[in-house]
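Colleague: The lines below spell out each chain.
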Amino acid sequence: MSDNRSVKTALFRRKPISAYVAETGATTEGGELKRTIGVFQLTMFGVGATIGTGIFIVLNVAVPVAGPAVIVAFAIAGITAALTALCYAELASMIPVSGSSYSYTYATLGEVIAYVVGFCLLLEYGVSAGAIVVGWGQYLNEVFDDLFGWRMPDAISQPPGSGGYVNLPAVVLVALCCFLLMRGARESATVNTIMVCIKIGVLLLFIVIGATAFDSANLEDFTPFGVASIGTAAAMVFFSFIGIDAVSTAGEEVHNPRRTLPLAIIFALVIVSTLYVLVALVAIAAQPWQDFEGQEAGLAQILRNITGATWPSLVLAAGAVISLFSVTLVVIYGQTRILFAMARDGMLPEVFHKVDPRTLTPVRNTILVGLFIALLGALVPLDVLANLTSMGTLVAFGVVSIGVIVLRRTQPDAPRGFRVPLYPVVPLLSIAACIYLVAKLPFNTFLLFAGWLAVALVGYAFYGMRHSRLRGVAAEAGQPVERAGGQP
Amino acid sequence: MRYLIAYSADSGGRAALAVARLFAGDVTLTVVTITPETWGYPSSARVDAEYAQFLTEHAAKALEEARQFLGEDVEAEFLARAARSTIEGILDAIKELDAKMVILGSARNGPFGRFVGGSVSDSLLHVAPVPVALAPRGYRPSRQTHVQRITCCFAGRGHTGATVAAAAELARRHKVPLRLVTGVVRDRQMYPSLVGWQSERLVEEQWRSDAVEAQRQILAILPEGVEATAELIDGPNWEEALDRLDWAEGEVLVIGSSRLGLGRTFLGSNATKIVRSSPVPTIVVPGAAGRS
Chain A
1 MSDNRSVKTA
11 LFRRKPISAY
21 VAETGATTEG
31 GELKRTIGVF
41 QLTMFGVGAT
51 IGTGIFIVLN
61 VAVPVAGPAV
71 IVAFAIAGIT
81 AALTALCYAE
91 LASMIPVSGS
101 SYSYTYATLG
111 EVIAYVVGFC
121 LLLEYGVSAG
131 AIVVGWGQYL
141 NEVFDDLFGW
151 RMPDAISQPP
161 GSGGYVNLPA
171 VVLVALCCFL
181 LMRGARESAT
191 VNTIMVCIKI
201 GVLLLFIVIG
211 ATAFDSANLE
221 DFTPFGVASI
231 GTAAAMVFFS
241 FIGIDAVSTA
251 GEEVHNPRRT
261 LPLAIIFALV
271 IVSTLYVLVA
281 LVAIAAQPWQ
291 DFEGQEAGLA
301 QILRNITGAT
311 WPSLVLAAGA
321 VISLFSVTLV
331 VIYGQTRILF
341 AMARDGMLPE
351 VFHKVDPRTL
361 TPVRNTILVG
371 LFIALLGALV
381 PLDVLANLTS
391 MGTLVAFGVV
401 SIGVIVLRRT
411 QPDAPRGFRV
421 PLYPVVPLLS
431 IAACIYLVAK
441 LPFNTFLLFA
451 GWLAVALVGY
461 AFYGMRHSRL
471 RGVAAEAGQP
481 VERAGGQP
Chain B
1 MRYLIAYSAD
11 SGGRAALAVA
21 RLFAGDVTLT
31 VVTITPETWG
41 YPSSARVDAE
51 YAQFLTEHAA
61 KALEEARQFL
71 GEDVEAEFLA
81 RAARSTIEGI
91 LDAIKELDAK
101 MVILGSARNG
111 PFGRFVGGSV
121 SDSLLHVAPV
131 PVALAPRGYR
141 PSRQTHVQRI
151 TCCFAGRGHT
161 GATVAAAAEL
171 ARRHKVPLRL
181 VTGVVRDRQM
191 YPSLVGWQSE
201 RLVEEQWRSD
211 AVEAQRQILA
221 ILPEGVEATA
231 ELIDGPNWEE
241 ALDRLDWAEG
251 EVLVIGSSRL
261 GLGRTFLGSN
271 ATKIVRSSPV
281 PTIVVPGAAG
291 RS
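Chains A and B are the protein sequences, given in the same order.
Under the working numbering, the first residue of the first sequence is numbered 1, with each subsequent residue one higher.
Under the working numbering, the first residue of the second sequence is numbered 1, with each subsequent residue one higher.
Treat the hints with caution; some may be incorrect.
[Said to hold, decoys possible] A short, non-exhaustive set of chain B residues, derived as facing chain A with CB atoms under 8 Å:
hint, residue
1, A155
2, L202
3, V203
4, D210
Hints were generated in silico from the structure; no laboratory data involved.
Positions of the beta carbon are idealized from the N, C-alpha and C atoms, including for glycine.
Isolated chain A, as found in the complex (with noise of 0.2 Å):
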C-alpha cells in the first residue's frame, strides 16, 4: 500500500544525461569527433534520408481523399516537419545519444513516456518499413511488366482484403534487408549519394515527362472533398516527410551546428517540399484526380499513361526498386538500433540487446524485427501501413517538441550546441501543427493507435518498469544520485 509514491517516481524517472553519454563511450578515447560535415553536405544527407520514404507509394493514397488540393497539403507537411526537425535538433544537440526521439524522451520527461515514445517511433520505423517494402512489390511488379508483359498475380502480391493471400514481394524484400543487416552490412557515403541521384533522377525524369500531358482542367475542381480535407492528406502525407529527423542526429560532426543545423534542415526541406509539390502537380494534371484511387506503383503507371511507350516507366520503376531497396535497409537498421537503446535500459527484454560476436551486430533483435515488418507487409494494407506511420511520427515529434521546452525550464543553463530559433514560438507552433494533423487522422487509424499504445502501457507495468536500469536508482533533474537502500 506504500506503493503509491514509489510508482509515481519509477513512472517519471529520468535517465542523466550523464548516464547516456557515459554508455556510448562517447567522450573516451580519439576524444572529439572531428567537426567535419559542412552545410551542403548535411543538406544532401537530409534530401537523401527523407526522399523514398513515402513519395513514389504516398500519392494514390492522399490523392482519393483531397483531391488535386493534395499540393497544398505536402506544402502544410513540410512546414511541420520544418518545425519539429528544428525542435528536435535543438535536443539532439543537448542530448549526444542514439535513439533517437526516445532517448530525448527519457532524459527529459520520463520513463513512461519515453517507453510510449519508443513504441510510437515502433510505428516511425517498422511500420513504415512496411508500407515501403508494400510500395516496392508495387515496382517490382512495374518492371517485370514493362520488361516482359507479365505481373505477379494477385495471390502472391496483394495483402488480404485486396484480392491475394500475402504480399511475397515485401517479405522477400525485408528477408533480404535483415540477412544483409545481420552480416553486418552498412551503406556507405559512395552509396548514399548513388542513391540520393538516382532517386532525384526518377523523380526529375517524371516532372520533365509528365509536364508534357500537363490539363490544367484536371485542377479545375481543386478541393471536391472542402479545405478540410486538406488537413487529412496533410497528415497522409506526412509519411513521405519521414528522415528529415536524421540531420538533427548529425549534430555531433556537423562544423558550427547553431548556423549548420537550421540551414541544412530548412534547405533540404525545401528541395524536398519543391520536388514533392511539383510531382504532385504534374501528377495530378496528368489524370483525373479520381484515377488514382486503386492505381499500384502510380508514379509508373501515369508516365505510361501518357508516353504510351514502356521505358520512362521502366526507368522510373527500376530507380525505384533501387532505391526503396537501399531507404529498407536503413530504415530496418533505425528499427533494430532503437529497440537495442531501449533494451539496454531495461525496457525491453535482453534478446533484443545480444551482440553476435561474429559479426557484431545484434542477430536476433534483427530477426524479430524483420519478422515483425514481415507480417506487416505481408498482411497489411498500404493506406492502413502509411496512416499509423504517420500518427506514430506525428506523437513522437509532438513529444520531443514538448522535450525542448520543458528542458529550457527544468535546465536553462545546461550547454546546447543549437537553440531553437524563435523560442518559445517555433515549439509551441510544431506542438500546434502536429496536434493539427494527428487530428485530421482517420478514426480507424485512431483505433489502432489506441490499441498499440494499450500494448505499450502493458509492456511498461508488466516488463519495462520491473527491469528499468534506474530502478532503485533515483534520478533528477540530470544528476545521477546514490543508489537507495532497497525496494519498498
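Using the hints provided, position chain B relative to the given structure of chain A.
Modeller: Relative to the frame of chain A, chain B by itself:
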C-alpha cells in the same frame, strides 16, 4: 611430440624454419620437403631415371640448406617425400609421423612481415587436421629466441572453447604465459543511419561488456599451470587493432577455425583478415568437431 615444417628452398621455407626454431627443444622438429612422384614401376628404358636422380639430389640439397639455416644447436630431422601433390605429401607426413602442428611459409607476393597465402597454404588451411602455423614473409627473430608468449584471439562465444583450449595446451607445452585477446573491430558505418552516428557505439559498448564477461569466464576455467591475462583491442580494422597490441619477440598468435571447419582448419572472414594483418606467426587451430 613432433612439429612438421613443410619446407621449400626459398624465403618462405626459411621463414617457416625461423618459426620452427621458436619451438626448438620442446618438441621434435621434422623438416619435410615434398618432391613430385615419379612412376612407381620401371619404365621402358628407365627414361625418367635422370629426372628421379635430379629430384633426389634437389631434395637433398634443399634439406642441407635447411640444416645449415637451423644451425648446429637445433636438433631436427630431415625427410624428403615424394607425393602426387604437395598437399597430399604434407597430409600423409602429418598422419604417418603423428605431427601435432605443421608450419608453412608465406607466398612471395605481398608485404614484408605479413603472411600471404599461396596455393599450398590455401589448400592446407581447408583440410589440415592439426594446427597450421603461418610464418610472415621474411620472419627472422634472433637465433636464440624461444617462444615468449601465446596470444589467443577469440570472439567470445560459440565454439570458442576449442580455440582457447588449444592455445592453453600450447602455452603449457612450451611453458609460456597465455594472453587472451578479443577484438572490437567495426570498420563500417551505416551512412544515413536515421538514428544518429552514436548508435553503433551503443552496440559496441554492449559487445565490449559481453566480451569482458566471456573472458572472465574463460580465465576461470583455464587448466592449472597456465598463467593467463586478458585484453580487449579495438580499431577501425584488424590491421590497426592488432597493431595496438604490444608484441614480444617470439610471440605467436593463435586463432580458431570457422564453424564450417568441422575438425579441420578453415578460415572465417575475420580470421582471414587477422592472418593477413598479423605481425607475428599465426597458428590456425582446427574446428571443434575434430577434438573430443
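Colleague: All hints are to be evaluated individually against the structure, with a verdict given for each.
Modeller: Verification of the hints:
1. A least Cβ separation of about 4 Å between A155/B and chain A falls short of the 8 Å threshold, and the interface hint therefore holds.
2. Interface hint status for L202/B: upheld, as the beta-carbon distance to the closest one in chain A is roughly 5 Å, under 8 Å.
3. The interface hint given for V203/B is met, as the beta carbon of that residue sits about 6 Å from the closest beta carbon of chain A, less than 8 Å.
4. This hint holds: D210/B has a C-beta 6 Å from the nearest C-beta of chain A, less than the 8 Å allowed.
Every hint, counting from the list given before, is met by this structure.
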